[in-house]
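K.L.:
Below, each chain spelled out in residue letters.
There are 2 protein chains.
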Amino acid sequence: MENSATRSSEKETRVALLGFGTVGSAVAHLLQTQQFDGVRLTRIYNRGIQRKQGSTRAEGLHGDIIWTDNIEDVLASDADVVIETIGGLDPMGEWLARALLAGKHVVTANKQLIAYRGAGLSQLAREHGVSLVYNAAVAGGVPVIPAVLHGLQGDRVRQIAGILNGTCNFILSQMEAGADYHDVLAKAQAAGYAEADPTADVDGYDARAKLCILARTAMQIGLDPDAVPVQTIRNVRLVDFHYARDLNCTIRQVARIESDGETVRARVGPTLVPHTSPFAWSHGTQNLVMTTGEFGGDVVFSGHGAGGNPTAVAVVSDLLAVAHGSASVSLPVQNRAVSREFVAPHYLRFVVQDKPGIVSAIAGALAQVGANIDSIVQRPGYPKDALPFVVTTEPCSTATIQQAVDTIAKMPTMLEEPLLLQILREPQES
Amino acid sequence: MENSATRSSEKETRVALLGFGTVGSAVAHLLQTQQFDGVRLTRIYNRGIQRKQGSTRAEGLHGDIIWTDNIEDVLASDADVVIETIGGLDPMGEWLARALLAGKHVVTANKQLIAYRGAGLSQLAREHGVSLVYNAAVAGGVPVIPAVLHGLQGDRVRQIAGILNGTCNFILSQMEAGADYHDVLAKAQAAGYAEADPTADVDGYDARAKLCILARTAMQIGLDPDAVPVQTIRNVRLVDFHYARDLNCTIRQVARIESDGETVRARVGPTLVPHTSPFAWSHGTQNLVMTTGEFGGDVVFSGHGAGGNPTAVAVVSDLLAVAHGSASVSLPVQNRAVSREFVAPHYLRFVVQDKPGIVSAIAGALAQVGANIDSIVQRPGYPKDALPFVVTTEPCSTATIQQAVDTIAKMPTMLEEPLLLQILREPQES
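Sequences listed follow chains L and H, in order.
Counting along the first sequence from 1, when you hit position 167 you're at 167 in this note's numbering, and nothing is skipped either side.
Counting along the second sequence from 1, when you hit position 419 you're at 419 in this note's numbering, and nothing is skipped either side.
Be a bit skeptical, because a hint or two may be false.
To be verified - Per label pair, the in silico range of CB-to-CB distance:
hint, chain 1, residue 1, chain 2, residue 2, range
1, H, P229, L, A399, 53 to 63 Å
2, H, V343, L, Q35, 23 to 33 Å
3, H, N335, L, P229, 53 to 63 Å
4, H, G357, L, A190, 51 to 61 Å
5, H, L238, L, I373, 33 to 43 Å
6, L, E72, H, T33, 47 to 57 Å
7, H, L238, L, H275, 23 to 33 Å
8, L, G63, H, N335, 38 to 48 Å
9, H, D197, L, A190, 55 to 65 Å
10, L, A102, H, G284, 49 to 59 Å
What the hints assert, rightly or not - If the Cβ cut is set under 8 Å, some of the chain L residues that face chain H in the computed set are:
hint, residue
11, L30
12, V142
13, P143
14, P146
15, A147
16, H150
17, R156
18, G293
19, V299
20, S317
21, A321
Hint data in this document are derived by calculation from the structure and do not stem from the laboratory.
We put the beta carbon where it would ideally sit given N, CA and C, even for glycine.
In isolation and in its complexed conformation, chain L is listed as follows (with noise of 0.2 Å):
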C-alpha cells in the first residue's frame, strides 16, 4: 500500500493534505462523507499534529490516516496528490515545488502562491507530467475558474470586473445599510471573516492576487501583481455611501483589468456601481465574477467566496478532475505590462471649509485637464465648517482627473485628501 512503485498500476488516487485547519478539515470531512471512487485521504499534516489529531475536528475521520508534522514525510510517501489549503509565499512554494518534482499533483487554494509564482510552479508540472490546480484560490466555491477555462475558451475574454474579497464586501454593504467603517470592521474581526492585521483584505491586497490569477486563466494574460494598482477602502466613509445612494449607486470594492489585445488596464480599489447591475446585489461575505467576452457577452458567476466547506467543495473538485486527468490547460508563462489609466466616470468627495467660491476654483481646475462635469451634489444637513460635497464627472482618463484631484488638494479651503472613486458602467441591455 506505500509502496510508490505500484502508483500507475493502481486504480486508487491517494492524497495527502497539507494543514487542518478551516479548509483542510473541511477537505478531510467532505472527502469522508461522499467516498468518491478510486480517492483515499492516507496523510495530514499540520504543525502540531497531536493537538489537531485530537481535536473535535478530527472526529469521524477512518483510523488508516497517518497524521505527521514532518513535511518530509510527505514528500517521500506515495502520495499521488498534494493538496496545500495552508497558504503563504514560503516555505509553501519550496514544498510544492518538491512535490512537483516528486511526480506529485498538487492542488493548491494558495491564491498569493499562485499570483506570484503560478507561472514557475505551472512549467515545472508541465515538465513533470503532472498537475498543478488551483480553481480554490479565487472565489472560495464559486466555480469560476473551471467555466471560464472549460466553458469560455472558445470566446475571447476582453474585460473582467470582480467583487472577490468577502471581507471587504461584508464590511461595504453593512457600511451601505449604515454602520461605521471600524464598528463593522471589529464585528467582521469577531466573526472571523476579517484578520486581526485587515491589511490584506482592505487595501486591496487579496483581490489583486486574485485578479492576477483570473487574469491569467481567463484571457491569457500574465500579471506581476505588485504592478497592479490597489486603493484601500479605508477612506470611504458614511457620507460617500449617501452621495452615492443620490447617484442611485453603491460602493463595493471592485478588482478590474481590461484589455483590447494591446494595452492591459488593471486595477483594484473602492468603486461606485450602480443600483441595477450585478455588484450592487452582491451582499455580505458573497463574491461575483464578470466576465465579458467579445462574442459571448456578459456572464456573471457568483457565491460563497470563502469558508471551509464552500472552498472545499472547488479544492476536491480539483482533486477529482486531477484523478480524472481532466485537469490540463496550458497558460502564459510571461508577464504582460499594466496601465493604470482607465476610461470612466468619476465621484470626487471633498470635505471643506464652506467659503464661496469653492465650486468655481474646483470647476476651474477640472476645466483645465479638459474633465467635463456631470453633476455637483450636496446633501442638506452637514456642517458649514466641514462640509462634504461630490463633484462626478463624465467619463475621462484616471491620469486626467488625478492631475486636477492633485491641483484641487493643495486648495486651502481642503480639511482632508479628496476621495477619488471610478463608477462602473451600467449594465449593457440584453
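Following the hints, put chain H in place on chain L, whose structure we already have.
P.N.:
Below, chain H alone, put in the same frame as chain L:
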C-alpha cells in the same frame, strides 16, 4: 488529407459542421476569427447548401471548406468531430448515432435530443471511445454545465432553479414593465426571439428539456422529460404582476428540481420570485441558473442564454475540450421517478363576481385541506362584476393546495379558472 487512417497520427482536429443558420454560421466565423491551434473546419452540411454558400453569412470563410447537402458525405468523411446546430429529434438522433459509431466525437446544441436520448447516445459514445458534449444545449453562452461538471463535482447538488428560456423571460420582464402578453409576444416574434408557434417556449417544453439536462449533469439524476410537469405562462396577466409587486415579488418562468436523496421533485412554470432574489434581476432574454449544494451553498450563473455568438462560444469551447481530450465525464443512464409534490408558499388569483361570503367560502375550502392563509390582497380600482383578488398561503404541498383550488374553481361566483403559482423562497443570508 482526406485519409481517415491518418487521423490518430495527425495533431489537427478536422471538424464537420451540421447546419449553417444563426448558430452554425456564428460557429464557422468564430473558428475562422480565433484561429485556434490544431482545429480546422473542413465541411459544412445544410439543406439547399448552394443558397447558404452564396449568402452573405458565408463571406470571409476560407476556400478549403467543402460545402455539401449530402449527410452521407459527412458521415463517411475523415472529420474527427461533428458539430450539430440543426436541432430536432429526427433524423438528427440517427445521424449523430451514426457519427458516434463511425468514431467521430459529437458536439451538439440540441437540447431536445439530449434531454430525450442523451443517456443512450452517451453510452454509445463511451462504447466507441469518443465524446458527446452538449454544453451549448443549456443556457447558451452561460457555461453552467462545464462549471458544474468541473467545479462542483465535489459537492452534492440538492436543488437547481433556473430561468432557462429567454423568450419567456423577455415576455415576462416586459409584462412586469406594463406590456400586454399578446403585444409582447408579437414583438418577440418580430425581433426573432420567439417562434411563429411559441408553444415550446411559453408552455415550458424548452425549459423542461434544459432542466433534464442540468439534472443529469449537475445532480446525476436521469429524468424522462415527459414526466416533469409544465405550467404555461399564457394565463399570467398584468393584474398578477400588480399583485406580485404588492407581495414584493415579480413573476418568472422558473424550472426547478429538488432532491433529498430519495424523492425527486421537478416542475417548470411561472413562479413568484422575491425582488430580493437573483431571479428577479434577470431581464430580457437573459438566462440564470442557481445551484444549491449541500456543502458549497448557492451558486448563481447568468448571461446570454441564446443568440448566435454566445451559443457559438459554448459550441467552440466544447470543440476545444474534445480536441484537448478533457471532455469525458460519466453520467447516469437510468431515469428516476419524478414527484410534482413541492412544499412551497402559493399564490392564488381568483376572478369573481363580487358577492358577500366569497372570501369566507374560499377560506373555508383552504381550511378544509389544512392550508393556512398568509395574506388576502384586493387591489382597488377593479370592477365588482369581474374582480380579481389574491390569496397567498403559508408553505403547503402542491397536492393539498390543488385539492382546495379544485373545490374553489367549482364555486358559481368564479368567472375563470383560478391561477395557482408557487412562490420561490427568499434568498438565504450568506
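K.L.:
Work down the list of hints and note, for each, if the structure agrees.
P.N.:
Quick rundown of the hints versus the structure:
As the Cβ distance of P229 of chain H to A399 of chain L is approximately 59 Å, the hint placing it in 53 to 63 Å holds. About 29 Å separates the C-beta atoms of V343 of chain H and Q35 of chain L, a value consistent with the hinted range of 23 to 33 Å. For the hinted restraint 53 to 63 Å between N335 of chain H and P229 of chain L, the CB-CB distance of approximately 55 Å keeps it satisfied. For G357 of chain H paired with A190 of chain L, a C-beta distance near 57 Å keeps the hint of 51 to 61 Å intact.
Checked against the given bound of 33 to 43 Å, the beta carbons of L238 of chain H and I373 of chain L, roughly 42 Å apart, stay inside it. A C-beta distance of roughly 52 Å is found between E72 of chain L and T33 of chain H, which places it inside the suggested range of 47 to 57 Å. For L238 of chain H and H275 of chain L, the Cβ-Cβ distance of about 25 Å falls inside the hinted range of 23 to 33 Å, so the restraint holds. Separated by about 39 Å at the C-beta atoms, G63 of chain L and N335 of chain H satisfy the suggested range of 38 to 48 Å.
Judged by the Cβ atoms, the range 55 to 65 Å given for D197 of chain H and A190 of chain L holds: they are separated by roughly 59 Å. A hinted range of 49 to 59 Å for the beta carbons of A102 of chain L and G284 of chain H is consistent with their spacing of about 53 Å. Interface hint at L30 of chain L: satisfied, since its Cβ lies 6 Å from the closest Cβ of chain H, which is below the 8 Å cut-off. Given the 8 Å rule on beta carbons, the hint for V142 of chain L holds: about 6 Å separates it from the nearest Cβ of chain H.
The beta carbon of P143 of chain L is positioned within 8 Å of a beta carbon in chain H (closest approach about 2 Å), and the interface hint is therefore held. The beta carbon of P146 of chain L comes within 4 Å of a beta carbon in chain H, closer than 8 Å, and the hint placing it at the interface holds. The beta carbon of A147 of chain L comes within 4 Å of a beta carbon in chain H, closer than 8 Å, and the hint placing it at the interface holds. With its C-beta approaching chain H no nearer than about 4 Å, H150 of chain L sits inside the 8 Å limit, and its interface hint holds.
Satisfaction of the interface hint for R156 of chain L is found here, the shortest Cβ-Cβ separation to chain H being roughly 7 Å, below the 8 Å cut-off. With a least beta-carbon distance of about 6 Å to chain H, the hint placing G293 of chain L at the interface is held under the 8 Å criterion. Below 8 Å, beta-carbon pairs count as interface contacts, and V299 of chain L has one with chain H at about 4 Å; its hint therefore holds. The interface hint given for S317 of chain L is met, as the beta carbon of that residue sits about 4 Å from the closest beta carbon of chain H, less than 8 Å.
Hint status for A321 of chain L relative to chain H: holds, with the closest Cβ pair at about 6 Å, below 8 Å.
Every hint from the earlier list agrees with this structure, and none is contradicted.
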